[in-house]
Every structure is written in C-alpha cells, then in structure tokens.
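Heads up: the protein sequence lines correspond to chains P and W, in order.
Here the first sequence is numbered in our numbering, starting from 1 and rising by one per residue.
Here the second sequence is numbered in our numbering, starting from 291 and rising by one per residue.
Among these hints, one or two may not hold up.
Stated by the list, open to error - Derived pair list, reagent style PhoX-like, types lysine-lysine, alpha-carbon separation capped at 25 Å: (1) K534/W x K408/W; (2) K625/W x K304/W; (3) K243/P x K304/W; (4) K111/P x K132/P; (5) K598/W x K111/P; (6) K243/P x K345/W; (7) K350/W x K408/W; (8) K630/W x K111/P; (9) K598/W x K243/P; (10) K243/P x K534/W; (11) K166/P x K542/W; (12) K43/P x K147/P; (13) K243/P x K542/W; (14) K408/W x K166/P.
Hints in this document: simulated from the structure, not taken from any laboratory.
One letter stands for each residue in the lines below.
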Amino acid sequence: MSIIVDTDTRLVVSGLTGREGSFHGLRNRAYGTDLVAGVTPGKGGQDVEGVPIYDTIAEAVQEAGANTSMIFVPARFASAAIDEAIDSGARTVIAITEGIPVQDMLRTYWKAREAGVRLIGPNCPGVLSPGKANVGIIPAQFFDPGKIGVVSKSGTLTYQIGNELKQAGEGNSSIVGIGGDPIVGSDFIDVLTLFEADEETELIVMVGEIGGDAEERAAEFIAESVSKPVVAYIAGFTAPPGKQMGHAGAIISGSSGTAQAKKEALEAKGVRVGESPTEAARIAVETLRG
Amino acid sequence: MDLLEYQGKQLFAKHGVSVPGGEVADTVEEAVAAAERVGFPCAIKAQVLIGGRGKAGGIKIAADAGEARAHAGAILGMEITGPHGEGPFTVHRVWIEGGSDIDAEYYASVILDRSEKKMLAMVSSRGGMDIEAVAAEDPGALIRRHIDPTREFDAAAARAIVDDAGLAEDVRDAAADVLVRLHEVATTEDATLIEVNPLIVTADREVVALDAKVTIDGNALFRHEDLAEIADSAVEDPQEAMAKERGLTYVKLDGNVGILGNGAGLCMATLDVVAQAGGDPANFLDAGGGSKAEAIVSALEVITSDPKVTAVLFNIFGGITRCDEVARGIIEASKQIDLKVPLVVRLDGTNSEEGLRLLEEAQIPGLEVESTMLGAAKRVVELANP
C-alpha cells in the first residue's frame, strides 16, 4: 500500500494540451502512472500522444474511468477547474497551480469537504508513490520505494531530503506535497492520518515552514493519534515578521507562525526536529534503524 | 499586500462604510493647506504599514495652522518601528482628517482564520486600545464568530454578533450594517484582514471607521486593477523594485551574504543554514522551480546591486530545474556582470554532473564549488567576512 496515488490510480489531467500540462502529464505516464485522459474545453475528440482529450472532467470519469484529477490550469481559472473536478465523480483532486486567490480557495475547500473528495494542494508538487505512480511535478529519480512517508509544504526541500534519504539507502512509501498556500485542501493532520494507517509506512518525515499554525496543530495530533515515529524539519528561522517568503502562506504575522514556535511545539510532543534538511534526513535514518 | 490607512478608508467608503473626510499630503506645505481645507481641529496621521503609530508619536491633533505645521514637520520623515519589531519605516506621507466627536470606541474585524478555513468576525465594545491585551485580560469582551463561506453573511447574522458584544442598543443596527459591509470588502476586494480599531460612535450616534487596517491577497491582484497599482507603487527598496520588475521573488534583509535558491522552502532553509554558520543573509531570492539561464543572470544582477553584499551563495537542488541550465546562467552572468564579490555554488540534483563540469571548464575567477549545503554555507560566510 501507499497513500493517495497507487497502481489503481487512473489519471485525468486538466490542461494536458498546455505546455506545462503535457510535459508533466506525459512524464507521469512515462513513470508508469495510468494516464487515461486529458481535459480541455473545446478540444474534446483530440489526443495528446495517444491520450484522449475530453471537453469535461465528468466525461473523462465516465468514459475513460478516471478516478484522480490533476489540475494544471492557470490561477484565474483554477478554482473553477477544481470545482468541476469535485463534481465530476473523481475521488482525488491534485491541484498543482500556484497563485489561486484565498477567497476562491475558501469556497472550493468546503465544496471538496462536503463532497468527500480528497483535495491536495493547490500550489503543491503533487504526490509520488515510488515504483507505483507519480501525479504532479516531483522528480521521481530522487526517490526509491521504501518505508518513509514524507509530507511537506515545500517542493525543492522535499527533493533535497529525499535525495539524502536515498543516498543513505532508504526509500519512501509516498511523498505528499501539501502546498505552501494559506488554504490547502489537505493539511499535515490529514496526511499524517493516512500514513498512520498505511502498513508500508514505518516512519514519517514532516517538512514545515513559517506561517499559520498547521505544524503546531500537527504536534498535538501526533501526541494523541500517531504511533509511528515522526521527524520534522522547519524552514524559515531567519524570516523577519511581516515579510512574505515566496509561498503565499509563508509570512509571520504578529507573534504567531514563527519557526521557533513550531519547533518548540513539535519537540514538546516528542518529535525530533532537524536543524537542517541534512540533519533531519540523518535523524530519520537513525530512528528507522533503531 | 498591506494598505495604508487612507487607502483602506477609501476602500471602505467605496463599500458604504462611513469614514471621516480627509486628504493626503507628502510635504509640510501640502499638509498645512490640507488642514486648512479639512478644518480645525484635525488629526495628522503618519501613513506607515504598522500598528502602534499613536504611541510612537505618529498621530497628532492640530488646533490651528501653526500646530498643523509643527506636527506635520515632526511626523514627515519620522522613523517608526512596529510593536513586533517591524521596520523601521520612514514616514513619507500623512493623512489629515477632520476631528471626530467620540462617544464610544468599539472594535471590529474580519480576518482569514487559516486553521478553521473560514473568515472570522470579531467585535468588541472595548475598542481604541490594544485588542490583544483586551482579549487576554477579559476574553468575554471580544466576541468571535466564524462566517460560513458557503452561506450569505446577512444583517441578522451580523446583528447577533453585535448583540453578543453588548454595543449600545441604539447603534446596533448601524454596527451590524458596518460588519456586513466589511465582510463584503473581504470577499469582493479579496482582503484577508480587515481591522477597524476604533470603530467609533459619534456624538450624532453615527458609526464611523476611525482607522483601517487592510491586507489584500497578492494572488488576487489580477482582478483588482486599482489595488494592483497600489502594489506597484508601494515597493520602496531599490532591489525589491528591480526584482519585482523582473518577476523575481525577492525579499531584502539586513546582512551581507547574498542568497539565491530555487523553491521557496529551500531558499528559506538556505537562509537558516547561513545564519547557523554565523552569517547574516542579505536577501531571500527564489529563482523559481524551472530556473533558466536568463533568470539566473537577472537574479544575480539584483543580488549584487545591493552594496552591502560581500559574497553570494547559489544553492540549487535541481528537480524540474536542470543544473546545467543554472551553470550556463552563472557563466553567462559572469560575462555580462562585472562580479566584484566571490561566489559559492552548490549544485545538486538533475544534471548536476554536467553543470559542475561546465563550471569547472569556465574557470570563473572568484567562483568556488561546494558539494553540500552546509559546506557551502560555511564557506560563503568565511568569504563574506574576511
């Protein structure tokens, strides 16, 4: 088992006819993901390298049997595309698009919750289950199959840590990029719940960053509901208050959301926090090998 | 993006929230003339993006033209530091508004609650002071209610909050109306924070927003032309302005170690390891997920245009980004820019062997390669502080 994407994933990509969408969609297929359809309104009936294009996601679900939707649509149209995916019957929606307004995501978040659809992202690199399926833009070459689950707000930081784990001879059950926006479909707690239940996962690495209180809430949740060891890394100790550090969610407002507060909250619940990505990877390997 | 008080008030007025009339001024002469038009007494208020202006001497009441001149002279050019260490910000503009007869001071806000994924409305009858202190001392005095994003926030829902907050009976409908309109500002103008402290009741029993703190979602500027213009004009720092023009994500910091990373998380982590190694980062610069050669040239120009920078660290982990592209960018930059500071480069990930080979061949003076992030951080700190 893995989480969120697996060998039974049947993928439909919204924006497959676009430059980014076709590059990454076909890359996902080359990795072994079952890419069954693309969606671009008005281009139904065409194909991209043999992948049939439909006008709507619902058609792709009904006619091509898609169960997972990936959104590669420009920001101003993206929340409407996610809404369409939620209504289509797909059970999982992975939104890669960055720059979606918060007010749009507030509505879309609750729509997904009410429909019982798992939404990952937006502004995330997607989900990779090594050896099984890759949905998104995570470069699969840095990850081998293994026992470590990774959940992260950041893309490149995840690749860095994944590479260090691989060099140490360890691999991953799944790597989940939840995204760095203020409102994301799935938070640390949602993904920790899945890893806790996943038989293949023996240890969880959590990569957080400044802004919000998702890490603090995850710390409480870990203490109460996660039996597997969790190792964390937090980025942004040197970030000044009031400045947004790249990700729309990475901003310290007032006295909350600092890296120090997050580190202390996690350590108070017994989670070891690495000082650097390298150290977090080292602690994970040590802990796993006992 | 934060709005200045007067910009927030203009947005409130657009949505039918009462605000005192006033004018902006950038010089003492303009301020005196504006004060004459507004009438005395009037308030002269520093326009900077932080709280605690009053305590810092940035808000003064002028009874006549002489006082207006003295206060405007003192406030314009003043440096103000925020309560959480933000800034210091230099005051370039003041807002002059008519004095208000204040009968009562309330507090009202509509802010994004990331944890609950809802907007949160807060109202208190104890406005005019630090609301965090009020909440800490008497939690019952601050009424907090989440707003369901899937339903309409109407007068009845707003009235229930106002009732619970115990505002004066005769102004409750008016206060509820203000709350509905503030929520409308949030949803239609894409604000993630709207705070009015104080929301006053005048001697005529009118409910007026005497202050305005508004944060606009930068991701939504594409649908607000007027606000996008404010965003463009708000950037003061020369490097930040240069970066914005080039579409780079750059944040100026105080130190001397220039930093370029790819991806927001890795870039933040790079600042942290440089600080751990005893260095002082000069900036945050995320070259983005798919950094191409020209982006690297552009980024390096921005970083080295900061005269404080004495060494630069490139920390690249190639995922989608290809390290050979980055190396080509560095080589190109070394030809185009007269690099006066040493450069430490760490390239790992996709096509790193090819990238490192290209750098080796190019033999760029002052460029050193390190194989790990920690090693690179240590080395750049040594070079930055000889």
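*asked:* Check the structure against each numbered hint from earlier and tell me which ones fail, lowest number first.
replied: Violated: hints 1, 2, 3, 4, 5, 7, 8, 11, 12 and 14.
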